[in-house]
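A.B. asks: Protein chains in written order, with the working numbering: chain A, 14 to 241; chain B, 4 to 225.
These are calculated hints, taken from the structure and not from any lab test.
Don't be surprised by glycine CBs; every beta carbon is placed ideally from N, CA and C.
Some clues are possibly wrong.
These stretches of chain A come out as covered by chain B in the derived footprint (C-beta under 8 Å, 3 or more residues) [to be verified]: (1) 77-88; (2) 91-104; (3) 109-116.
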Amino acid sequence: MMLMQEAGIVPGSVRGNVVMELKGTGLCCVRGGRRVFAGVDFAVESRKSVMLTGANGAGKSSLLRLIAGLIRPAEGAIALTGGDGEISVGEQAHYVGHLDPLKPALTVMENLTFWARFLNGGAGPGQDGAAQRSLEAVGLGELGHLPAGYLSAGQRRRLSLARMLAVPRPIWLLDEPTTALDAASQERLGRLMQAHLDGGGIILAATHGPLGLDGAQELRLGTRVASP
Amino acid sequence: MTALANLFARDARIAIRIGGGAMIGVLFFLTVVTLVPFAIGPDLALLRRIGPAILWLGALLASLLTLDRLFASDHDDGSLDLILMGRVPLEIAVVTKALAHWVTTGLPLVIASPVLGLFLNLEPAALGATALTLLVGTPALTLIGVIGAALAVALRRGGLLLPVMVLPMTIPVLIFGVAATNAAVGGPVPFATPFAILCALTLMSAVIGPFAAAATLRHGME
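Can you build the whole structure from these sequences, using the hints too?
C.D. replies: Written out as structure tokens, the structure reads:
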């Protein structure tokens with residue numbers, strides 16, 4: 014909370030004081046003819062987070078992509094109550110996956126402002142100011158003019174995370190967000206996530222290690238779940 | 004609208020910067036057109052007769068040259084995921100990307116064609132007619148090409164697969180583009196007849212191409 018206020022960012026995503034609930038029921042995912050998981054239920058409301066854990070291939074990433082609307086569930090449904098009924102769950106969510114969607118030919122700032130405007134459906138007033146503050150919040154404030162091709166893996170990841178700060182969306186879907194981050198950046202990410210939760214957001218994160226969030230539920234995906 | 008303007012500006016900027024594809028198309032066009040007189044020999048009458056066809060073939064190949072990365076590069080770095088999660092319908096995003104591709108690749112070909120036409124001994128009327136038919140016809144090439152570009156993502160193959168799939172679909176555009184140019188220089192049919200059909204082909208591909216490409220991309224993401 015502190016950090017985002019210092020950075021001048023309205024903590025994410027909050028639609029007044031409406032409590033939102035994101036719910037998945039009986040989710041089944043089939044990838045390449047293989048049933049990755051089945052019968053997965055979860056429910057998470059505003060200010061709460063879920064840590065998805067499980068072995069490699071247990072379907073953590075698939076579940077996040079499923080919630081983001083990038084793949085369709087073979088069975089089951091995802092519902093969001095208290096959100097914007099006009100648009101899909103994916104359009105109210107940020108998804109940070111394994112890939113950092115950055116164009117090496119564009120500068121750090123151009124990459125960020127493009128996504129901020131595109132995801133926002135257009136530039137709000139002071140968008141560039143918000144983008145600069147988001148960059149500062151992830152510690153890239155000095156590198157705005159640098160072509161993104163010169164960034165290290167950790168810096169690329171931080172630029173992806175800055176996207177979530179530049180555009181307020183209530184649901185954060187994070188796929189191993191700490192990959193390539195150094196200790197200080199991991200701690201900073203922890204504070205940003207906590208601030209998002211305090212602001213009424215929802216976080217679902219696939220992770221192998223602790224992310225340091227208070228009161229996170231754990232959703233364990235495993236082969237036992239997948240068997241009928 | 005602003006989101007689309009941003010997508011257009013981003014794609015155009017990437018194409019123009021170092022490593023982008025904007026200049027490659029024109030250089031390829033130049034190379035193809037320059038090679039033809041070497042192959043055929045200094046027969047000015049022959050060059051003048053087949054010149055429009057050579058320009059059209061060169062433009063056709065050049066406009067498909069950089070198309071295979073149109074969606075593949077966005078797919079490879081995860082940008083396509085976010086484009087799908089934006090509030091812009093995918094069909095409209097496809098049109099926007101196609102437009103950015105045409106402005107950076109197709110339009111330079113149109114502008115270069117009168118200069119290259121001089122190499123082929125074209126008369127002024129033919130130069131103008133070729134430029135005009137290319138201006139109307141190259142958008143059709145891009146809009147048909149986006150289907151192939153989307154298939155390159157779905158099939159996870161790029162490179163020469165795209166021309167092999169797309170070139171057969173561009174045959175009508177090629178026929179009526181060259182026919183209209185020849186008609187302008189004194190062919191048996193009036194210029195307006197093949198030119199109107201060329202315009203119709205462009206409009207048809209503007210309707211079919213983006214929907215087919217978006218459907219292919221959605222399927223390919225699964």
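A.B. asks: To test your reading of the hints: which numbers does this structure violate?
C.D. replies: Violated: none.
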